[in-house]
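Enquirer: So the protein sequences, as listed, match chains A and B. Okay, so the first sequence: first residue is 9 according to this note's numbering, each after it adds one. Okay, so the second sequence: first residue is 333 according to this note's numbering, each after it adds one.
If you are wondering where the hints come from, they were derived from the structure by calculation, not from laboratory data. Computed from a prediction, not measured in an experiment: that's the story for all the values here. Take these hints with a grain of salt, some might be off.
[Unchecked claim] Covered stretches of chain B, going by a simulated chain A footprint (3 or more residues, C-beta under 8 angstroms): (1) 497–504; (2) 550–557; (3) 710–724; (4) 899–908; (5) 928–936.
[What the hints assert, rightly or not] Away from chain A, derived, C-beta distances all over 12 angstroms, residues of chain B: (6) SER446; (7) ASN477; (8) PRO494; (9) PHE623; (10) PRO729; (11) PRO732; (12) LEU750; (13) SER753; (14) LEU799; (15) PRO801; (16) ILE840; (17) THR858; (18) ARG896; (19) LEU922; (20) ILE953.
Virtual Cβ for every residue (Gly too), placed ideally from N, Cα, C.
One-letter residues, chain by chain:
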Amino acid sequence: MTPRQRRMALVAGIVVGVGIAGALALQAFRQNVMFYFDPSQVAAGQVQAGQRFRLGGMVVQGSVQRVPGSLQVRFAVTDFRHSVPVQYDNVLPDLFKEGNGVVAHGRLNESGVFVADEVLAKHDEKYMPPEVARSLKKAGAAAPPAGGAQ
Amino acid sequence: MFVELGHFSMILAMALAGAQAFFGLAGAARRDERWMSVVPSAVAGQFLFVAVAVASLVNAFVHNDFSVRYVAENSNSALPLFYRVAALWGAHEGSLVLWITILSIWTVTFALASGRLPRTFASRALGVLGIISFGFMLFLLTTSNPFLRLVPPAPDGRDLNPLLQDFAMAVHPPILYTGYVGFSVAFALACAAMLEGRRDALWARWMRPWTVMAWAFLSCGIALGSWWAYYELGWGGYWFWDPVENASFMPWLVGTALIHSLAVTDKRGLFKSWTLLLSVAAFSLSLLGTFLVRSGVLVSVHSFAADPARGVFILGFLILMIGGALALYAWRAPTLVSEAGFELVSREAFLLFNNILLVVAAAVVFGGTLAPLISDTLGLGTLSVGKPYFNPSFLVPMLPLLALVGVGIHARWRRGGLAQSAGRLLATAGLAVVLGVALALGVYARPGVLASVGAVLGCFIVLSSLLDPIDRWRRGLTLPASIVGMTLAHVGLGLFVLGVTFVESATIERDVALASGQSATLGAYTFRYEGGQAIEGPNYDGFRGRVVVTQGGREIATLEPEKRRYYVQGSVQTEAAIQPRWNRDLFAALGEDVGAGAWSLRLQYRPLIRFIWFGALIMAIGGVVAMRDRRIRLAESATEPAVAGREAGAQP
Chain A
9 MTPRQRRMAL VAGIVVGVGI AGALALQAFR QNVMFYFDPS QVAAGQVQAG QRFRLGGMVV
69 QGSVQRVPGS LQVRFAVTDF RHSVPVQYDN VLPDLFKEGN GVVAHGRLNE SGVFVADEVL
129 AKHDEKYMPP EVARSLKKAG AAAPPAGGAQ
Chain B
333 MFVELGHFSM ILAMALAGAQ AFFGLAGAAR RDERWMSVVP SAVAGQFLFV AVAVASLVNA
393 FVHNDFSVRY VAENSNSALP LFYRVAALWG AHEGSLVLWI TILSIWTVTF ALASGRLPRT
453 FASRALGVLG IISFGFMLFL LTTSNPFLRL VPPAPDGRDL NPLLQDFAMA VHPPILYTGY
513 VGFSVAFALA CAAMLEGRRD ALWARWMRPW TVMAWAFLSC GIALGSWWAY YELGWGGYWF
573 WDPVENASFM PWLVGTALIH SLAVTDKRGL FKSWTLLLSV AAFSLSLLGT FLVRSGVLVS
633 VHSFAADPAR GVFILGFLIL MIGGALALYA WRAPTLVSEA GFELVSREAF LLFNNILLVV
693 AAAVVFGGTL APLISDTLGL GTLSVGKPYF NPSFLVPMLP LLALVGVGIH ARWRRGGLAQ
753 SAGRLLATAG LAVVLGVALA LGVYARPGVL ASVGAVLGCF IVLSSLLDPI DRWRRGLTLP
813 ASIVGMTLAH VGLGLFVLGV TFVESATIER DVALASGQSA TLGAYTFRYE GGQAIEGPNY
873 DGFRGRVVVT QGGREIATLE PEKRRYYVQG SVQTEAAIQP RWNRDLFAAL GEDVGAGAWS
933 LRLQYRPLIR FIWFGALIMA IGGVVAMRDR RIRLAESATE PAVAGREAGA QP
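Turn these sequences into a full structure, and let the hints guide you.
Expert: In structure tokens form, the structure reads like this:
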């Protein structure tokens, strides 16, 4: 091989390699991307059966129920138009509170209960996840007051 | 009064940064000695005034001056003095002050060390640093001013976010920013080289120590952040692929590529334009990171309150800096021709692969970090990508990179030379396979392929890095600092790989609800919950649980995790209890009182997790040691570039 051919082979090899890496990354991306839905969209049946997604909204006041002495907890998430029951059996984050914003990852089961495998609550209390804030605005609810002792 | 003085100082510092930019660039362009001689004084003055501004803010925090809005929002009279000082960078405005201060320190350091550089070159580099400084000061004063008063003054402050009330708060942000901001020096030098139209590769030699230093700080800062998140966020992860973590990780990946490509440019005069592009990219990614963090466009655990005006300003600044640098690059890069060539099996080729794979890895992280933003902007739906995307995608470029590291360090410059070390390398690889598989299958009993692959790669990198120093030692040769540094950095990488491999594959984690006296089993360990008691701290109250861990019936640890409620913000905070050992951590965190006398608990056993942070620390130390090398330190003097081949023997 002449130096020129060798160089071209090197470049071709790099292009192929980077291409494969890109394709694999895109594949992983397609399979693992998670969309966000609010309770109204869930009620309207926009979520495909078995699809894993993120559910966001406010934890309904008085909806948190525990089986005493166990991790199992049930609560409802609302955008003040519709609400979705959620079931979870892991440790809840520190800022999880009735009336606070929350985002949960998981799937709907056959009876329409959202089975969460992860629940996130922001740890800055002034902060509302932007997507939740937008859902609430869309649903016509007034933006919730900033929390904390201000 | 003091704060007004600080405010005024910051305005003066901005004016001086403007002067530094103008006289630095225009003076060099006109080759006007008098103009250029203004620059060092502007740098010194800017540093002085920034120091006064910072001192005025620290003073306000220490003396609980709640008539200053920023102090009132982020401090409290009950907050211990230590955190009152660290609270300076606890929120958006103060972290920008930190950015500016650190940039000012880098600028002064560079100005002091640049005496031996060509006059116009140093002047241009300082001019570019002046532009960056000016931009950030303008940003601070117009959109995020920490010097404003509150009328009427608040009776007491709103307190520092309890998550930030931790020792790491004092060290993590300054060290991380030192790394982040340090890439601005490499960027300024690259711009100066392009403005000068230099055809030689001397600038690469001048750039090396600065880049390595910034990289070492960044490595340290990221590791500290990871360690902090592990024990303070309360849930025991060491890396979350959070947008802000990614924002610091992307410059690190590109910076790592940069220090390797700089080696090639310095030694062999190759990859000139690529090196310039990488230094522009590393700094651009630092700026992008700042944009992502400050504008609140991405949902992250680090987000400060979102403010569109701030986002627009940084985006504009970002476009100006990157656009300017890329235009300069488009203008100058075609004039940079490399005369020398190299073979497919040579150190240059291996370093080229290193660069490509690191840049691909950075692109993978970049894509995943920005995808939610892009999809949202284009109205394609609000999506998120997390670990399931990042982990496998990141491994695609990383596994080949790790496999090449152990081989590449034995390749010679220009051509081949692997044949000489082939025997040794094969023996090392064999040993690594035996060790790695023994670790994965024997010690940790992980049948998965990935655990074995990771263990073998980690062992191979460590062993292969040690071959050369051992060989030199046996032959009675001296060990130059550059080789010691390189060896340390690669050994650190190998240890890091071992840590990640086993934390990912052999961690045992359980969420349980336990009443007093009940226990849960994790592998060989039994965690028994023994109830707890109420506690009271200076600015919080809470509950402390007691978990006794036994192994084979023998008590080996007592963990006392806490749940705290801070008075002022009313926020609840988990303090995990961790018993660290060199080869494993035992971890317990309290969830909440779940009724019937039970608490929910998160229990973890994480093998080798310390290797992750110590590995990163050793990498950083390797960088600092390599800088002690005479050949790199002499970099500051304007000597002839190393001719290919003459230096090649020094680093086989």
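Enquirer: Out of the numbered hints, which ones does the structure contradict?
Expert: As far as the earlier hints go, 1, 2, 8, 10, 11, 18, 19 are violated by this structure, in ascending order.
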